[in-house]
Amino acid sequence: MAFSKQQLQKFAHLIRIEISDEKLSEMKIDSVIEWLDKLQKIDTTNVVPMLSPSAHSLPRRSDIVTEKNSRDSILKNAPDDAGKARGYFAVPKVMDE
Amino acid sequence: MTHLINLTITKALQKLKSGEITATELTQAYLDRIEKFGADLNCYITVTPERALADAAASDARYAAGNPLPLDGIPIGMKDLFATRGIRTTAASKMLENFIPEYESTVSQKFIDSGAVLLGKTNLDEFAMGTTSKTSFFGAPINPWQIEKNLTPGGSSGGTTSAVASGLAIGGTGTDTGGSIRFPAAITGLVGMKPTYGLCSRWGCVAFASSLDTPGPIARTVDDAALLLSAMAGHDEKDSTSAAANFYVKDELPIIELKKLRIGLIKEFDSVEISNDMKRLFDARISDLKSAGAEIVTVSIPNILDALAAYYIIAPAEASSNLARYDGMRYGLRVEGSDLIDTYKKTRAAGFGEEVKRRMVVGTAVLSSESYEVYFMQAARVRRLIADAFDRAFEQCDLIVCPSSAGTALPLDSDLTPLEYYALDLFTVAQNLAGIPACSVPCGLAENKLPLGMQVVGQKFDDMRVLQLAKHIEKFAGLDNKPTKILGK
Amino acid sequence: MFTIKGKTGEWELVIGLETHIEVLSNSKLFSGASADYNPTVPANTQVSFVDAAMPGMLPVLNEFCVEQAIRMGLGLNAEISRTSKFARKQYFYPDLPQGYQISQPAEEPPVVGRGWIEIMSDDGKPKKIFIERAHLEQDAGKLKHDMNPTKSFADYNRTGVALLEIVTFLDIKNPENNSFITSPDEAETYLREIRDIARALDVSNANMEEGSMRADVNVSVRRAGTNEFGTRTETKNMVSFKFIKTAIEYEARRQIEILENGGTVSQDTMRYNQADGTTSVMRSKEDALDYRYFPDPDLLPLIIEDETIENIRKTMPELPAATRARYVKELGLTEYDAARLTETVEISNWFESAIGDKPTRAKPIANWIISELFAHPEHCVLDKSLQRDDSLRIITPSDLAELVDMIATNDVNGKMAKDIFIKMLDGENGSPKQIAEKFGLKQMSDNGAIESVINEVIAKNAPQVEQYKSGKVGLIGFFVGAVMKATGGTANPEIVNKILKDKLS
Ligand SMILES: [Mg+2]
Ligand SMILES: [Zn+2]
Chain A
8 MAFSKQQLQK FAHLIRIEIS DEKLSEMKID SVIEWLDKLQ KIDTTNVVPM
58 LSPSAHSLPR RSDIVTEKNS RDSILKNAPD DAGKARGYFA VPKVMDE
Chain B
39 MTHLINLTIT KALQKLKSGE ITATELTQAY LDRIEKFGAD LNCYITVTPE
89 RALADAAASD ARYAAGNPLP LDGIPIGMKD LFATRGIRTT AASKMLENFI
139 PEYESTVSQK FIDSGAVLLG KTNLDEFAMG TTSKTSFFGA PINPWQIEKN
189 LTPGGSSGGT TSAVASGLAI GGTGTDTGGS IRFPAAITGL VGMKPTYGLC
239 SRWGCVAFAS SLDTPGPIAR TVDDAALLLS AMAGHDEKDS TSAAANFYVK
289 DELPIIELKK LRIGLIKEFD SVEISNDMKR LFDARISDLK SAGAEIVTVS
339 IPNILDALAA YYIIAPAEAS SNLARYDGMR YGLRVEGSDL IDTYKKTRAA
389 GFGEEVKRRM VVGTAVLSSE SYEVYFMQAA RVRRLIADAF DRAFEQCDLI
439 VCPSSAGTAL PLDSDLTPLE YYALDLFTVA QNLAGIPACS VPCGLAENKL
489 PLGMQVVGQK FDDMRVLQLA KHIEKFAGLD NKPTKILGK
Chain C
44 MFTIKGKTGE WELVIGLETH IEVLSNSKLF SGASADYNPT VPANTQVSFV
94 DAAMPGMLPV LNEFCVEQAI RMGLGLNAEI SRTSKFARKQ YFYPDLPQGY
144 QISQPAEEPP VVGRGWIEIM SDDGKPKKIF IERAHLEQDA GKLKHDMNPT
194 KSFADYNRTG VALLEIVTFL DIKNPENNSF ITSPDEAETY LREIRDIARA
244 LDVSNANMEE GSMRADVNVS VRRAGTNEFG TRTETKNMVS FKFIKTAIEY
294 EARRQIEILE NGGTVSQDTM RYNQADGTTS VMRSKEDALD YRYFPDPDLL
344 PLIIEDETIE NIRKTMPELP AATRARYVKE LGLTEYDAAR LTETVEISNW
394 FESAIGDKPT RAKPIANWII SELFAHPEHC VLDKSLQRDD SLRIITPSDL
444 AELVDMIATN DVNGKMAKDI FIKMLDGENG SPKQIAEKFG LKQMSDNGAI
494 ESVINEVIAK NAPQVEQYKS GKVGLIGFFV GAVMKATGGT ANPEIVNKIL
544 KDKLS
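Residue numbers (the numbering used here), protein chains in the order written: chain A, 8 to 104; chain B, 39 to 527; chain C, 44 to 548.
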């Protein structure tokens with residue numbers, strides 16, 4: 008499957024990476040994706056997809072509160088201090104919810 | 039104090055127990071050597087001398103009290119992908135350049151609990167994405183073999199292989215998502231073990247591709263690797279994919295009888311072009327095994343040559359999702375933009391290097407609504423075919439052997455295309471897709487005097503026999519991989 | 044059936060609801076942080092490293108949240124999937140630390156499969172509403188926009204709390220084989236029923252005002268009597284019954300107008316504007332986000348054993364629909380009263396404990412609860428979310444039973460009972476009987492005593508007696524008032540009436 012430049016830009020936008028068209032073509036993403044196409048010709052009819060090597064079923068934990076207040080630890084690496092004194096992460100202003 | 043540097047873990051533990059050396063002496067010898075060669079080799083992102091000496095002093099106290107821990111006083115390097123409480127953990131990315139976690143990964147905690155000494159955090163490819171370690175934001179580590187040639191120590195665990203091969207750590211940790219332990223170990227003359235998926239916890243280890251990421255040890259001998267793995271392995275209820283399994287070796291691996299072993303060669307790998315050296319050394323080791331009584335059979339893994347493409351769909355897909363959390367909001371780099379979206383985009387444009395971006399765009403493409411079935415699910419089906427084929431192969435043999443790479447270490451400045459770099463994982467990725475254990479062990483020196491390795495591959499949770507066979511191969515190869523020999527000083 | 048009249052004819056509504064209820068649990072869906080976030084909890088004090096999506100953190104599923112989902116599933120008469128999967132819904136927003144929500148999207152089997160509930164339809168008949176699925180997912184954090192002039196502030200206490208999303212079913216392939224919501228009122232009835240079931244099962248407080256219940260509303264219209272479905276729009280994040288009804292009606296009329304003018308409805312995502320009760324496009328179909336759902340590789344398939352389901356089934360209480368039916372049939376209550384008294388288990392428990400073994404108390408107690416106690420919930424702890432405040436005089440079921448009995452035995456009249464009730468609210472301790480005694484609230488039911496007061500009143504008001512006898516019978520109220528006044532309000536009004544009428548006739 009070949010992706011147009013616009014599609015690749017859409018993907019970059021979806022994962023929020025600013026990237027120029029030139030850079031995007033330099034990165035040879037088309038050639039990588041083109042190479043991935045070789046899997047298309049493999050007959051996988053009735054093959055169940057394998058999503059993890061783990062064979063057990065999902066473990067479940069008991070409903071116990073194990074984590075104490077660790078606000079200071081959580082906030083310690085925050086890149087913006089503006090909300091720290093009041094215990095918040097400061098993020099760019101967003102109006103639309 | 040070169041004699042200290044050349045000790046294996048097994049030997050060092052004997053001498054520590056007997057009181058012939060102290061943990062502080064051993065640690066100081068390594069710190070001195072890091073001081074001397076660390077900058078040249080660039081194998082550490084962060085060195086932790088105070089922590090190391092404090093760890094060593096605590097070890098000495100336990101030896102004095104007569105109750106040492108299994109790895110007491112053993113100075114190791116920790117791949118900078120494992121979160122270490124209070125110590126910068128970067129994943130070799132600008133994104134996490136100044137990130138200091140307030141928690142300790144399960145693997146590094148287990149080393150603390152085993153008495154190991156932390157020398158520092160080793161270099162790697164950014165977010166473990168690479169085969170050369172040169173995608174590191176902190177620059178590439180150097181392969182100590184023929185240091186003047188500026189060769190790659192492989193990737194992504196290249197900082198650890200550089201450090202262990204050069205005697206800047208006695209052993210260390212890696213993570214193997216598509217070959218990131220085995221390939222670098224092979225081209226630095228070391229033993230690199232990718233255990234069964236789920237044997238070592240991923241908790242606290244920066245995620246690259248969750249269904250493939252496998253922590254494991256890197257060491258100079260198979261016995262050392264087994265001792266490190268004994269410390270790392272074990273069930274962890276904080277990791278839902280962790281297996282209810284363990285691995286434990288007391289002092290050294292018990293010898294396995296070669297006469298009773300049936301060893302498989304993968305037919306499909308015959309068509310893969312490899313260097314004459316690799317072919318010669320691999321064949322030599324096979325005939326050694328044969329002479330020692332092992333039975334050699336041929337098995338077929340029909341889609342194994344498609345494993346690489348399946349891997350380069352699954353791994354980027356998972357990575358594109360796992361790396362979404364690096365958004366500049368709660369920790370790590372933030373580059374302020376004109377609004378929220380602009381801030382995200384500028385932050386992630388500045389924080390991630392090119393290879394990480396490439397894989398994330400590819401990963402997003404293969405998960406997009408138009409290609410999810412065609413790429414991602416098809417890759418997951420091919421993955422099943424490969425895993426099932428391994429299961430069938432292990433009905434015909436006990437263990438499988440194959441090369442670890444096509445050739446020896448490349449110069450760091452080689453300018454390969456992305457696909458050529460990806461092809462370096464050709465012999466290693468299928469084992470990650472299947473989740474089965476595989477160990478790269480040195481098989482000899484090429485004509486250019488650089489080391490090569492071969493893999494022993496086993497069924498899930500057959501990690502012990504994988505290492506046991508590797509130990510035979512190690513002995514047949516007889517590679518001299520003493521750090522002072524490798525580095526020439 | 045509910046229809047809307049357009050320029051060119053009658054239109055029917057096809058309504059689908061995606062209802063999120065917040066699951067009651069101690070800890071979060073995938074982490075050990077407390078799930079008991081509420082506005083009084085300081086920001087970011089219930090956030091684990093997992094919730095903050097720190098590097099290397101991994102989710103571990105809370106078994107109780109799964110049991111809650113199963114419990115609700117049984118309440119929805121639904122199939123429970125023996126195997127279900129979690130997947131990642133990926134998008135960027137500052138209230139979503141991981142960059143994805145762990146959910147069970149349509150592509151993956153949910154914990155709870157097909158089911159149904161019964162509601163009272165607009166035409167007063169019971170009607171099944173089919174449920175497609177109910178699945179577990181993570182809630183997001185909260186952003187505050189008014190704490191800093193240039194930044195928003197993020198609080199992750201709610202991040203990762205378990206939500207159960209209940210989705211109604213519309214069988215697109217077999218249009219005749221459907222039973223869905225067709226009016227704004229039915230939407231409300233359906234949501235109230237979901238709420239009551241969730242509360243009865245202790246699965247959720249399901250309180251729209253508090254945000255523990257929210258709904259996305261899908262609306263399409265079609266010509267009355269036709270079977271095909273039109274294009275739907277989805278209005279997101281509705282948090283009040285009233286707004287939901289307004290939004291449905293507005294959206295339906297908007298679509299009808301488009302269609303009647305020859306246009307086509309676009310499958311857009313809408314937002315509801317509270318100020319004027321309108322909807323507007325939030326995201327057009329073309330801009331629909333690609334969430335890149337894929338199975339979460341940190342989580343494996345969730346296998347639910349039959350035993351788990353059976354154990355939960357054994358502990359299922361009577362559900363509101365059954366309780367309501369019993370109240371109407373056995374206690375003679377109206378549908379309305381029965382519905383009010385089954386809004387929460389606390390209320391119905393309170394009600395039943397007040398009735399005790401005297402079914403005759405049912406009606407008066409129902410009236411007292413609905414007209415008086417509901418106005419003072421803090422005094423009777425009818426709502427579990429209310430903290431019991433021991434500085435208040437708590438009114439217990441036995442207090443109310445005693446009060447109602449005192450009226451039945453004519454010990455007090457209604458007015459006195461109300462006085463006693465007010466005294467209790469004001470903090471008066473002691474039982475209603477003791478309060479009556481203390482304040483001398485005793486109904487005068489002795490015929491002789493009342494008669495002598497009446498004789499006095501008649502003697503003092505000769506002109507009025509004349510008027511009454513000459514036909515102005517409305518004056519009876521005047522006489523009763525005078526007798527009550529003379530007795531300080533203690534005379535039994537029934538007896539007063541009877542004797543007065545005898546005497547004046
Ligand atoms: Mg929804
Ligand atoms: Zn939802």
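These are calculated hints, taken from the structure and not from any lab test. Computed from a prediction, not measured in an experiment: that's the story for all the values here. Using N, Cα and C, we set each Cβ at its ideal position, and we do this for glycine too. Heads up, a few of these hints could be off.
Not the full set, but computed from the structure, chain B residues with beta-carbon under 7 Å of chain C [unchecked claim]:
hint, residue
1, A121
2, I125
3, D151
4, G242
5, A362
Against the structure, the hints:
1. Checking A121 of chain B against chain C: minimum C-beta separation of about 5 Å stays under 7 Å; hint holds.
2. The beta carbon of I125 of chain B comes no nearer than 13 Å to any beta carbon in chain C, farther than 7 Å, and the hint placing it at the interface is violated.
3. At its closest, the beta carbon of D151 of chain B sits 18 Å from a beta carbon of chain C; the interface hint therefore is violated under the 7 Å criterion.
4. Taken as an interface hint, G242 of chain B checks out: its beta carbon lies about 4 Å from the nearest beta carbon of chain C, inside 7 Å.
5. A hinted interface residue such as A362 of chain B counts as satisfied when its beta carbon comes closer than 7 Å to some beta carbon of chain C; here the least separation is about 2 Å, so the hint holds.
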